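Student: Protein chains in written order, with the working numbering: chain A, 54 to 240; chain B, 7 to 113; chain C, 2 to 1012.
Hint data in this document are derived by calculation from the structure and do not stem from the laboratory. A quick note: this is a predicted structure, and the numbers were derived from the prediction, not measured.
Cross-link-like lysine-lysine pairs, in silico, BS3-like; alpha carbons within 25 Å at most:
no., chain 1, residue 1, chain 2, residue 2
1, A, K90, C, K758
2, C, K396, C, K520
3, C, K700, A, K146
4, C, K1009, C, K959
5, C, K26, C, K153
6, C, K483, B, K105
7, C, K891, C, K700
8, C, K758, A, K96
9, C, K431, B, K105
10, C, K520, C, K128
11, C, K891, C, K758
12, C, K483, C, K431
13, C, K384, C, K396
14, A, K146, C, K758
15, C, K890, C, K700
Cβ-to-Cβ under 8 Å is the rule here; a few derived chain C residues that face chain B:
no., residue
16, D252
17, E747
18, D748
19, Q751
20, D893
21, K898
22, E902
Backbone N, C-alpha and C fix where the C-beta goes; we use that ideal spot for every residue, glycine too.
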Amino acid sequence: MSEIAVSALSGAEASGLVTLREMGLQGMVTLRADLSKAASAVKTVTGADMPDRRAIRAGKAASVAWMSPDELLILCDHASADGIAAELTEALKGQHHLAVNVSDARAMFSLSGEAGVLKDVLAKITPADMAALAPGEMRRTRLQQAAGAIWLESEIEARVVCFRSVARYVFDLIAISARDGGAVGYH
Amino acid sequence: MLTLTCPYCGIAACETELTPGGEAHLTRFGPGSSDDDFEAYLFLRPNVRGVHFERWRHAMGCGKWFLAARDTATLEVFGTYPAQTTEPPEDIVAAIKAKRPDWEGRP
Amino acid sequence: MSTRLADGGRLIDRSRKVEFTFNGKRFSGHPGDTLASALMANGQRIVGRSFKYHRPRGIVASGAEEPNALVNLGQGARHEPNQRATTTELFDGLTATSQNHWPSLEWDIGEANAAIARFLPAGFYYKTFIHPRAFWKHVFEPFIRQSAGLGKAPDPKHTDPDRYEQFYVHVDVVVAGGGIAGLQAALEAGRAGAKVLLCEQTAHWGGRAPVDGVEIDGRPAEDWIADAVVELEAMENVHLRPRTMVAGVYDHGYVLAYERVSDHAPQDGVPRHRLWRIRTGQVISAIGAIERPLSFAGNDKPGVMLASAVRDYLVEYGVSPGDRTVVVTNNDDAYRTAIAIRRAGLDVPCIVDARPEANGPLPQEARALGIPVKTGTAIAGVKGIRGVVAVQLCKQAGEGAVTEDVICEAVAMSGGWSPAVHLWSHCGGKLTWDEAGAFFRPDPERPPTNQSGEGFVVCAGASDGALHAGEVMENASTAVGKALAAVGKETKGNPPAATAPDEAPLAPVWVMPQGAGIKKRAKMWLDFQNDVKVSDVQLAAREGYESVEHTKRYTTLGMATDQGKLSNINGLAILADTLNAPIPQVGTTTFRPPFTPISMGAIAGEARGEVFQPLRRTALHARHEEAGAEWEPVGQWRRPYCFPKPGEARRDAVNREITATRSSVGLLDASTLGKILVKGPDAGRFMDMLYTNMMSTLKPGRCRYGLMCSENGFLMDDGVVARLDEDTFLCHTTTGGADRIHAHMEDWLQCEWWDWKVYTANVTEQWAQIAVVGPKARDVLASLGGDIDLSQEALPFMAWAEGKLGRFDARVFRISFSGELSFEVAVPASQGLAFWDALMAAGQGHGITPYGTEALHVMRAEKGFIMIGDETDGTVIPQDLGLHWAISKKKDDYLGKRAQERSHMTDPERWQLVGLETLDGSVLPDGAYAVAEGENANGQRNTQGRVTSTYFSPTLGKGIAMGLVLHGPERMGEVLEFARTARDPEGNLRTVEARIVSPVFFDPEGEKQNV
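For reference, chain A alone in the conformation it holds in the complex:
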């Protein structure tokens, strides 16, 4: 599949105050279900515990992010997304749910740099409180005029997810905000 599948920006990169990289093909599965009854299915399929509100948890096979009270986003290898969606459907048989591969609906970016600078750059494009964002929390918000989500993979690496159609917009937005000369020195 790799020879015919490409991500939104084919791994585009930019560097300035932080290093920005589109992360290429990324598997994603949306699960909508009564989360209070889906924990074991999620654990079986992904190896991850059910995340608390706004949390993102890593498992063996995948990471699981809380999107809303009845929605999870599962991050996995691009090639295994169909399998995970099918396994979830199987594990939740008899229970009202929706599991669907949405890997290609989004683009994912990695931003790496100094902890404070990372947050300074992000604080230029989102009204969310970057000072309050800790690793393990995923914040859904707006990235200026586009919807997106932000979390910290570590103190020095942030992840940003947006819809595929606005991948170029979000990439440019971050790259522009991270251009040298724009240091704020706040966070």
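Chains B and C: place on chain A using the hints.
Tutor: What follows is chains B and C alone, placed relative to chain A:
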């Protein structure tokens, strides 16, 4: 610019992360209803100056609709709560009455 | 003449020089200078011209309240008008030009306006430019436009080359103002552990205290300030931001601050301005106070300055306004200026004090320095044309009989101080009149309130009315205590003691002398920038403009950049006096943000050029770009309108694309169409509510076209629904509809039918969708291979199948929006590009042709298919469009059903959809109305229909159209007249004739699509 706390994800969201949805707690009138009832459901709004119940969607967030009790004149927010209710919950009503003792309930 | 003194100037670095130009003349200053101080140091007395009378104007103030020294800064693409010289930090290479004069600053023809000033009173424009009406276009408007506006707008051909950005932060406390009150507030808030953002609009901390000789804890204020800054900088929870002005305070603790990042040191790549978008628990306004001018005849002449400004220029920049400066005052504070001037070795011929006596420590000190103090005295007039050469004195109590002339080059005036209450007032904080100080101060009982209904702004120091240094620290400590309590913190308090000599009360003096006649009052300026005089406000009051807001607009008092800073209190005191009402009853005008103007660049932030707004691109965008697509914006999407070949006209490209598709095979990027999954045990029930037709009976593997209406009955979207399995539907929406319809679905599921077991997911962007259309479509797809049987038997019209097409994971929908044999193929977006390439290669032998939205539109119109947004406009119901077949009669309910039963919706007079064919084969104008007999009440022709879609059909070789027509379907064959936009030379309506026909122009039996 308002901030409203989404009762689902707990975020004190900025107005720019939300979309408004008009008055809350409308009773739907469908086929078989009288012209007057249907007109009232679709068009007639009290447009209050003071305590108001309204719908908001955390559009740039968890995507959920929630309801807010707010003073349209002072913009004071008495509380937000999930949309799956036909009446404001008791704690919200109590919060309003504590701040607005003269409030006579929804028109 | 103003000049640089041999020594002094705590802010300037005399060891270095900075070169700049003003009106082309080369000048030099020192690092630390403002443009204003450097201009004064170079003896430049006239810096601009006033708005209405073009009177020469000199520098009045030393800060943001400066009304006169507004200059054009920069050149070419960096040209920017209306920049205050007083807040412009000097840098090497700065270029400035003065404004509002012609041909030159020193000699201005518009000054003639001044000669006829008495013919240009308040309201002159309103009264004059009314009759005759015909004069408006060619006489009045050009004249007003010529004289309107200060400064010169940037050349529209230039693009601003600078960088701007925005920055969002969340804090507990914003402290606005870095004077001693602000520093003390920040210290206490910081020590209490609050997250603090301290903003100071200038480059320096400490405000006026060092200039005014304040001592803190027995040490010079300067030392305490330096220590405070060191302590604050060491606190992790405190951020200090110099050159950052808190511009506005808004609802729920939203605050905008404007950081001038590199105005003082322009540098490529560094943002020029940064707009801070702050959410804060509390705002502490410590923005000080603004000194008021005095209203005496000639108070607008260059050389007449605020007393505090004279002191600032002396102490901060080592600049004097002249060798001899007369101080005129109604308070003790101005004596500091006299003392400072004398200490600098310059002459103060006298202090003119309107009060009957002046015996406080400061007046005594002045007398001890040998400065004559003339109490009970006023200025009767100012001599000099391009600047002060002498003042005439008189008794304050009298009418202005001159007692003596005093030779001087400058006048330092002080009418007392007004707390800067702007930030308190922006979001609704109310004011109370302070009788003793003759100013409005914040009323602590009526603060602006936040989302909890609690006050969220407190004022500290002079901003709260604590004008005397001795009160400031205690006041600031109390203020910060209040703010901290509101954010759940506590201060230990214990502020240091600030000391300064005691001051006797001021005497309110609104006109000088108090009995001045009309001739004098017509020379007393209230608003130097807009040329509003005491006499103008009095005239406005006499003419009935009794509300202060009306007076402001009638006279232009306090408009433009002033926003009530210098002119407010003086103006409304005059108004109150004229109305014979107390000042608090007259009230103030509204203080609106921003505090001082902020740049458009900062407001736009990064949103320019490529990221002006999100451009949504499909997975195939790059290929379309390579193919030279002309783009059509559809919402935020960009879709190819057509693919012109080099040298090919758009219309020819569209016709070629249609012909190729109808005769062989075309490709359309349909990825933008919405795709929403609806799944669950109640999905069928939900679909029956969403769509007007019956969806629950759709069989898995099949597709059905459906209509969606809003609850008020109007058609809002349409598209094909595919049933994926017993539990799951896939709803296709229009391009613009995906997000809206998904939100609509979720609205009903979350807010009305929350007990229904249905989940939705918007999977629009998961798929690249390509329509393969035309007689050869099956051949092209089949040649890719794979495991999907594409035959008519296995995959008939309105069926769908899933499997492999070549190497691609595909869903194939046999649906058609063109009337041709058509397969819409969805592949995961990541495979979209490769799939498009594979189709182009496979179709090469058939001349496969990509087509754009215009060809799509023409082909659907040839088939009589409606388009949301063309045939619908938010007032059209499906019944208007002859879509009765898609409205279930069996269902008890669906969204919009009840509304469609309302009398207006069932009215047989509603216009109905028909096809239209011009008799001459031409293309009807889009939106044209069919005229009917008679005229309406406005004298316009009655109408009986309107064109909703109109195109040239290359298939039929003529114009075709659809429209809504009164009783249309019953009038087949009838000819209507449609109005053209352009009338004939005699002004008569021109019309074009069209015949009512069936809207299906092509292949009415549907033979082509069903093969």
